[in-house]
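Visitor: If you want the building blocks of each chain, they are given just below.
Protein chains: 2
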Amino acid sequence: MNANITLSKRAQALTSSAIREILKVTERPEVISFAGGLPSPATFPVERMREATDKVLRDAPQAALQYGPTEGFTPLREWVAQRMAKLGAPVSPGRVLIVTGSQQGLDLLGKTLVDEGSKVLVETPSYLGALQSFSLFQPKFASMPSDGQGIDTDALTPELLAGARFMYCLPNFQNPTGRRLPLERRKALVEKAAAAGVPLVEDDPYGELSYDGEHLPGLLSLNPEQGIYMGSFSKVLAPGLRLGYVVAPEPLFSKLVQAKQAADLHTPSFSQRIVHETIKDGFLDTHIPSIRDLYGRQCHYMLDALERHFPTEAQWTRPEGGMFIWVTLPKGVDTTRLLAKAIEQNVAFVPGAPFFANDPQANTLRLSFVTVPAEKIEAGMQKLGALVKAEIAGLAQAA
Amino acid sequence: MNANITLSKRAQALTSSAIREILKVTERPEVISFAGGLPSPATFPVERMREATDKVLRDAPQAALQYGPTEGFTPLREWVAQRMAKLGAPVSPGRVLIVTGSQQGLDLLGKTLVDEGSKVLVETPSYLGALQSFSLFQPKFASMPSDGQGIDTDALTPELLAGARFMYCLPNFQNPTGRRLPLERRKALVEKAAAAGVPLVEDDPYGELSYDGEHLPGLLSLNPEQGIYMGSFSKVLAPGLRLGYVVAPEPLFSKLVQAKQAADLHTPSFSQRIVHETIKDGFLDTHIPSIRDLYGRQCHYMLDALERHFPTEAQWTRPEGGMFIWVTLPKGVDTTRLLAKAIEQNVAFVPGAPFFANDPQANTLRLSFVTVPAEKIEAGMQKLGALVKAEIAGLAQAA
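Going down the list, the protein sequences come from chains A and B. First residue of the first sequence: 41, per our numbering; consecutive thereafter. First residue of the second sequence: 41, per our numbering; consecutive thereafter.
Hints may be right or wrong, so weigh each one.
Note that identical chains are pooled: a pair holds if it fits in a single copy or bridges any two copies.
As the list claims (entries may be wrong) - Subject to a maximum C-alpha distance of 25 Å in a straight line, what follows is the list of computed SDA-like cross-link-like pairs (lysine to any residue):
#, residue 1, residue 2
1, 381, 84
2, 320, 94
3, 381, 135
4, 49, 236
Derived from the structure by calculation, the hints contain no laboratory data. Keep in mind that this is a model prediction, so the values were computed, not measured.
Looking at chain A on its own, in the form it has when it is part of the complex:
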């Protein structure tokens, strides 16, 4: 017997993700991988979470294992609201939706805000997972000109912004570049978006992982009534729980809740209660600094290794937080081809092209520094630097 499966147009347009294929390669233990987007498991507070789990299963086992409200576990929503207030963006708990990882927030925003052909403004480059998630709803991406500091707000003309369903921004230590948007640009961005009537979506998984420079106010704190904000416990606690949150104004908030109900009814009660139990007494205030210290050290190892091993023709970002460095090689170098050669030598990174919604720059690549030991960073960058030099020499010969 046979069924004729007819895929939807959006499913036909789906292609297997570069990240997925790369992650498969990097599972081989001999590979030094700068390709991952994984936080360091050394930062997972296992003992604390074991205690929290124990307490949840002792004090409220039936509620923790039962269906729960779509909006999320009330004490956790209240915790998020308080945290946001501390960060300068006071919001009501009633505007906080707990989601199954902030990736789900992206899916829900795409569902509720994007029709086929809708204009969506994104950075150049932007987070690949967001581009993939929004793509399912068939938008037309408009790329905002960006430089090493983020969106070039001077280049945001009324024509570019006009009619966009939303603007998707990662102001803090963006994946993939690690860049942080300066304060003046934040203000300009919020003003220009408001003037054009374009909702601002601020995706902020790395905001608290700042190891250099000073804290900058988030877009939501510059625009508390109308901003849309996405946060995550993946980078400050553990990603295997899939727990994040979205803050949104009405009428969007109610639609997000309804879309979430259709998507998975609610985020697992069990993990919401465990996370709340873990963090409710201020645990993150002592825990996050230890992550910052580790990631700051790791970042400097890699920046030092880049200086030593990469040729002067290469440029890279110098992040003050987060997990990633972005490298731009001379025009003509194709990092997808470079990756094939790197993997032969058991080194991996992510080619930059998929992070561009339009006009991919094939000469860019993303490096993650958080999970690789210092000596492997050194060994891996040495190999990669030599490959880059050989590529550039090849270009010069061909010219």
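Once you've looked at the hints, dock chain B against the given chain A.
Guide: Coordinates of chain B only, in the frame set by chain A:
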């Protein structure tokens, strides 16, 4: 500052769910609620899950808290494949996708199979959560004629089936009716769907909760190569974990995986490992019979109470498994209006109309019997029966 939020067409079409509003009312402790779709928390194996959680956090804490593959935790996928084989439907673990509750499976099927206006075949009535989930992708539902035994396969004409993207069926103890499709109809259904080239989606959260009658082969076991199957741990273990699975053939399987990656990257590693640890040594073989016993007893309490308190003009299903009884009142009785009166007397149920994709039957209602103690079933049915009698008397007077 102001943002002009323009909702997508699909979000504009979203309305707040009847179930959601009803669940709010039933939170009041004085309400005897037959409205819930919740399994009985008395069946949650808390002690066993505490041990499993402990073991997971002792043996593999970092893997349990880290990102994982989109397809799911391999040992759990293998467990599902073995379980399916036991139930007569051998499938490869490579065709099993672990999802964040089977509700997510519905969302992913909608995403990958439904374009605006696509024909989707559903039962009359069908599961409300599925109708809502598919609706986001703007299908055109075609209702299959159904009776107290389920889909009337004689009424499935080639015209009705032609061009449908899929047929959505709940053959075992369907939500909302509790009915089970007889074997001959299962065979006819699979044959007719195959002849028309229509993929069959079998949603089976209640299949193992059979307390009367004999086990019937599932649609997948009648059509192992091409069938699409959805299973859940919500009703046999605990729903608060949000854990289910989808079995699908290629090329659909790969598209489901890609859509899931965009939706939430993967199902929480933590809960997948806990559930696998809980069930891997045959736990469900002793646990499920205890749920069957409880639900069977509860079902009979309610059937007895219906006999005693409901008027002869009312009809109801006599389930051999699952959690629900479906009541059909004389034409002219509007159960939404009845619900308002019932809630004044602190009794709740779910009006039947929202379960119909087309031509809602306002004289129907759904009763859940699993969480209400016997004496409250008696008291609640007495009140509800009196209200029903009064409604019918009112109809007769008006006529």
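Visitor: Now tell me, hint by hint, if it's right for this structure.
Guide: Now for the hints, and whether the structure bears them out:
In this homomeric assembly, residue 381 and residue 84 never come within 25 Å of each other (Cα to Cα): the closest approach is 34 Å inside a single copy and 53 Å across copies. Within a single copy, residue 320 and residue 94 get their C-alpha atoms as close as 15 Å, and across copies as close as 21 Å, so both meet the 25 Å cut-off. Taking identical chains as interchangeable, the C-alpha atoms of residue 381 and residue 135 are never at most 25 Å apart, the minima being 49 Å within one chain and 33 Å between chains. Taking CA atoms no more than 25 Å apart as the test, residue 49 paired with residue 236 passes between copies only; the shortest distance there is 21 Å, against 31 Å inside one copy.
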